[in-house]
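Each protein sequence line maps, in turn, to chains F and W. Mapped onto this note's numbering, the consecutive letters of the first sequence carry residue numbers 40 to 697. Mapped onto this note's numbering, the consecutive letters of the second sequence carry residue numbers 356 to 500.
FYI, nobody ran anything at the bench for these hints, they're computed from the structure. Errors might be hidden in some of the hints.
Interface residues of chain F toward chain W, partial, derived using beta-carbon atoms under 7 Å [what the hints assert, rightly or not]:
| id | residue |
| --- | --- |
| 1 | ARG117 |
| 2 | ARG147 |
| 3 | GLU284 |
| 4 | PRO288 |
| 5 | PRO330 |
| 6 | ARG437 |
| 7 | GLN527 |
| 8 | PRO530 |
| 9 | SER532 |
| 10 | MET540 |
Keep in mind it's a predicted model, so treat the numbers as computed, not measured. We treat Cβ as the ideally placed atom computed from N, Cα and C, and that holds for glycine.
If you want the building blocks of each chain, they are given just below.
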Amino acid sequence: MDCHSRAAGESEAVSGAVVALVGQPNVGKSVLFHRLTGMRVAVGNYPGTTVEVATAAASFRPGWRILDTPGVLTFPSRTEDEQVAAAALLDPDLRAVVHVGDAKHLRRTLQLTLQLAETGLPMVLALNMADENASWGVDIDPGQLSAALGIPVVETVATNGHGLATLAERIRDCPPAAAHVRYPRSVEDAVAELAAGLPPARVRSRSLALLFLAGDPVAERWLAGRLDGTALAAAVDRRARLTSELGGPVPSVLRAARAAAADRILAAAAPAGPSRRPRLQTRLGRAAMHPVLGLPIMVAALAAMFWFVGVFGAGVLVDLLETQLFAEAVNPAITGWVERVVPFDAARDLIVGPYGLWTMGMTYALALILPIVTTFFLAFGVLEDSGYLPRVAVLTNRVFKSMGLNGRAVIPMVLGLGCVTMATLTTRTLDGRRDRILVTFLLALAIPCSAQLGVVVGLLAGVSAAAVAIWSLVVLVVLVGVGWLAAQLIPGSRTPLVTEMPPLRIPRLGGVAVRTVARLEWYLTEVIPIFLVGSLVVFALDLSGILGAIIDWAEPVVVGWLGLPAATATAFVMGFLRRDFGAAGLFAMAGAGLLTAPQLLVAMITLTLFVPCIASVLMIARERGAGAAAAIVGVAMPLAFAVGGVAARVLDAVGWTG
Amino acid sequence: MIRLATCSLCGHRFDPAAGQACASCPIAPNCSLVCCPRCGHVGVDPGRSRLARALLRLQAGRSATGRSAAGRSLADLPRDAEAKVTGVAPALGDELIGRLHAYGLTPGCDVAVIQRRPVIVLAVDRTELAIEEDIARHIAVETES
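Next up, chain W with everything else stripped away, as it sits in the complex (with noise of 0.2 Å):
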């Protein structure tokens, strides 16, 4: 799967995986910074840099609430925010999915965040559920207004 980036400064679209502009970099090669292939503007890789992902998820925490609605995942639900599960993503494995069920975390259900670390737990009807972020992200949720 090819992840785009966008430059910050000229708007150009491009995969910093490629490293189209790290071949005439004199530093290493390797370093999580990523240039732009046609204005040279240099912008981070949070695919690359761990400490980039940290400080984008607590950005993300932060304004989800301002975030559109659409397309969006448990993952992305601030703390007490309550939403309504739309869809919940094959790539789980059914065996996780059936115990998910199982919780009563099927799509339809309502949800309320409890809190999102360090692992989210929410609450499903009666029923306080944790469940790691990296299963969150497969659960699609739409939020009222």
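If we strip away everything but chain F, and leave its shape as in the complex, we get (with noise of 0.2 Å):
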């Protein structure tokens, strides 16, 4: 993956240039991507991040790259994907941007062109998705624009192709942008003095002494590697004293200062014209958030969303290919073949044994994981293109105020009941790292992945009514209430949800597709070896004694503080390692009738609660860092036997027999 090998050596140049699109959220900037380069996408982290860009070839032009950097809405820059777009502006192999804009929402996307040629760097405006902008009647006169911006102007529909050769065509010969918006003098006399300092970089030092006074931590950053510390330290000291000089943030000068300028040239290139009725899509998008109208359609999306991943995905295809394909079929064969070529006993055991790098690690990347990762980039690439997961956030808000989140980390959740260890992939779309540290302790903690559900309603499904109805209970009043403190404790603010509400589209089925597979093809090459470590780092446990060990260790805790038979021990720590054997161990104890209906309760919720499998704490630690993975174990682990003590207690003393 071209990303990828550039982080490897990110000084090193690549031949070919690169053309950056850039642009707000939601204007179509995917599909304008994948219109302007062929099918071969690749999908990766940019580097030193974990924001997802797609790189590809542009069609137009042999030797062009296309990158299509992650929605920014205004420069300095705050969040990771903004500083990512910021990062690729300062890309010495930027060959020209792209800004791609809503042509509806002109006045919101003249602001950042302005601020986007200040870099002077070669530049074109698409004016996307102009037939929407047409049905609310308005005119704009692109000739108009690109004489008071300096720059070519294209309308643009991307989803059908309209403009694409006229843009494809200005991308290859653009001139370097000239726009230039004239700040208060004071803010004039600092850049010019600090301008005349820097180092020569890709984009005009203007526009960098610009970033650098309005505080973006990018520019901050590739300063600080450029320049000496005393050069650093004046122009730090020269930032303070123009904050203090203007009396407030220095951005907010240079926001007015570039609004008054956008609406300059709006009134001159497109006059406002009448505003129509609301028309269906509108309604549709409307009713969709509507405090009452909007929760069957939102308990209907995200059973849709959940049946397709955790019943169809989890279940009938993991099915097909984990029990009946590789079970019956594939291990078999790659086992006797092992069997017959290897001579070691040892070595045996690590591809083919019962913690094997194939049995246990490749099983479960391809038949366990993939056709959930299938399901779930492929509902996530739809409801990510519908607009409609704004809408699910906005009905959710209330819910996730009281753990000190907002409504975004509804997506996670949901999907924390397919499979943990692909939500924690999803806490990426959350908004800054407390956020997403929050919701990765919640889904390792409180959320039952499929695999667990399945275990617990086969379970408790036999025991009563009443026994689902004290662990759904328990579970709950645990997520809300550790929820509730964690997030006390866990420092930083909450995140208020301030969030675009974008129409409601209906999402194109090519587009989603190669970004799934995209998407599946960054999967396979960096989560597989995840899971390979996983089963060395069993199959290192199982051999060297360590796993009997921990057993034994655990026994005392399952027997005299859970008050379970010992042989649960073994299932529970089993489960964490391989799900199969875990579930399969408490299946026939119960069929064995060795577990009473309080035991059976007590095992479903200490289960529950303790941390899904060693797949996602590995992932917790790919995500979120070492530290914050053992920190979340060592916090889930006790607390599931905490809660599942006071449950068997609790349960005793109320004499509940199911």
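Could you use the hints to bring the two separately framed chains together as a complex?
Here is the structure:
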């Protein structure tokens, strides 16, 4: 993958030039990206971040690559997404910038155009969704806009390809942008002073100075790596002086000047027209976030998603692949072959033993997680493109407010019911590090994945409806209670919900399919090693006898504190390492009548609150860092046993027998 | 900050948080009621009672149209109301103000309230924007008429 090879040697020049698509969220950047490139798309993390970016060869010019940057609302960059966009602008390989704007939000678009044009990079403005704008009844004069901005302006409709040939032509030979916003005198003085001492960059030093003065962290890091200590200190000092001269934050002064400039251009190029009545699309979008009407729509949408990922993917497909294809055909064949070829017992076990690289690692990655991931990426791609996700965030905001989160947390939480490992991956769509850690923690603790749900429902439904109700209540109380407590303890303040409601659109299946395939490629190359490492760890634990020691050590806790038979300790530890072993153990014990109704309930509560599986722990370590993973596991495990033990005593005290 | 309450019986203005009348009260001093230190009339302290706050909010939503235009925030507007933004309080922080600005919500812009619950959704130009009530409180508006 292109961006990964660049992560390895960042300074190394990449042959060919990069054209960056930059723009606000929901302007159709991704669709435009797929229109300007072929089918071979690489999706991966931008170097040093967890932000997903897509790159692909340009279809209109051999040797050029197109980079689809994440949505940027405005500069200075604040979110991780915006910082990736800012970093892309400072990339020395940058050939041109295509600012993708939504034609019907021309005022918002122009403010960002003016910011981007300050860089002096070769630049084109693509006014996308020109058709939607036309239906709002506003005429834009691209010629006049182009003259005012000093860059080519092309009206496009990415979904049907309108204007794309012209856009490709303009990208090939666009001149450096020349637009110039005049800022108040004190700002201009500071910019001139700073710009004189800046190292050469791909962007104009004026724009670098402006970004630095506005406090952009990417510009600051870039300069910190190139200026010596005294020069940097002087720059920081100059910024502080400007702030005190202005008597307020620098960005607010820059914003006001740019807004005024944008409004002047707007008045000339797109006089305000009459606004129309809301169309069907708008009305549908409003119904989907209506406090009453929206709820059944949300329940239906989330249920459909859960059914597709949790039941069809994690149930039907996994069953087909794991129990039928792998367990009955592939694994016996490979085991037979390895046993014939490999002479040593230990080496054979390493590959095809109970915790072997193939029988555990690859089987899990290919037969268990791959179908879940595929259905998940498809469903998520459709939801992402439809513009529905922000509406779910609006409807569920209040629930998550009590846990110190906002409505955006609903997506990982619902997905967690399918697979906590995958849901951990989607926590990167959340606003900040604090929200991500909090949701990751709650996912690991109190959200039962489909495997756990299968065991819980299978065993508790046989006891009584009351057992299921008690289990749900305990898990829910722990979820909200611990969420509330963790929100107080984790430093940082809650991010309030401020989000745009894009119009609802019908997703384009072609784009969703290409993105799904590209994400799957990323999964196969990046996540499978996690599973291999996981099976290696377990293999080593088993071989060295530590596994047996852990079970021995857990036994007194399980017997004395939880009041369960000793064999459940093995089922718990096994369930964490290999979920099929754990579930099979519990089902066998229940079938043999070894567990009473209260014991089953206690076992299920503990199992649910337990960290789901070793893959999820490794995923947490990969996404949040080893320290965070250790902290999460260190809190979740004792908590699971504590709640289980308290539940056992309470059930005993009230004499509950099912 | 001292938030004064007005006794609904005698009109005396006092600070309910000080609990002047609570010392002589035989019941728990931390209840959500508050007594007027002058006449002893029992009132509800909306600062302490969640339920009272919710009821007051509901009433505010209903009767917001009837109130004076001065000193209003976005959070006070009823559904379907249209207004002009007059100011965004610096208390929101420059980062958030910058985001609102990028969405088009700046002093001088026209807004229409699409819905109030569970989160306030506004139409700003052609952008639909969801913001929490706590943020809307910091955005001053004026309505025509």
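message = Given a cut of 7 Å on the nearest C-beta pair, is the interface hint for GLN527(F) held or broken against chain W?
response = Not OK, violated: GLN527(F) not within 7 Å of chain W, min 18 Å.
query = Holds or violated: is the Cβ of ARG147(F) closer than 7 Å to a Cβ in chain W?
reply = ARG147(F) check passes; min Cβ-Cβ to chain W is 5 Å, inside 7 Å.
ask   = Can the hint on PRO530(F) be confirmed by a CB-to-CB distance to chain W that is less than 7 Å?
value = violated, 17 Å
Interface restraint verdict for SER532(F) against chain W (beta-carbon cut-off 7 Å) = violated, 10 Å
task = Hold the hint about GLU284(F) up to the distance rule: shortest CB distance to chain W must be less than 7 Å.
result = violated, 16 Å
ask   = Does the nearest C-beta of chain W fall within a distance shorter than 7 Å of the C-beta of ARG437(F)?
value = holds, 5 Å
ask   = Holds or violated: PRO288(F) as interface residue toward chain W, Cβ cutoff 7 Å?
value = Holds, because the Cβ-Cβ distance from PRO288(F) to chain W comes to roughly 4 Å (cut-off 7 Å).
inquiry  = MET540(F) was flagged as interface toward chain W. Is the shortest Cβ-Cβ separation under 7 Å?
reply    = Constraint on MET540(F) satisfied, holds at 4 Å.
task = Report holds or violated for the interface hint on ARG117(F), using the least CB-CB distance to chain W and a cut-off of 7 Å.
result = holds, 5 Å
key: Status of the hint placing PRO330(F) at chain W (closest C-beta pair under 7 Å)   = Where the cut-off is 7 Å and the nearest Cβ of chain W is about 5 Å from PRO330(F), the hint holds.
Of the numbered hints listed earlier, those contradicted by the structure are 3, 7, 8, 9.
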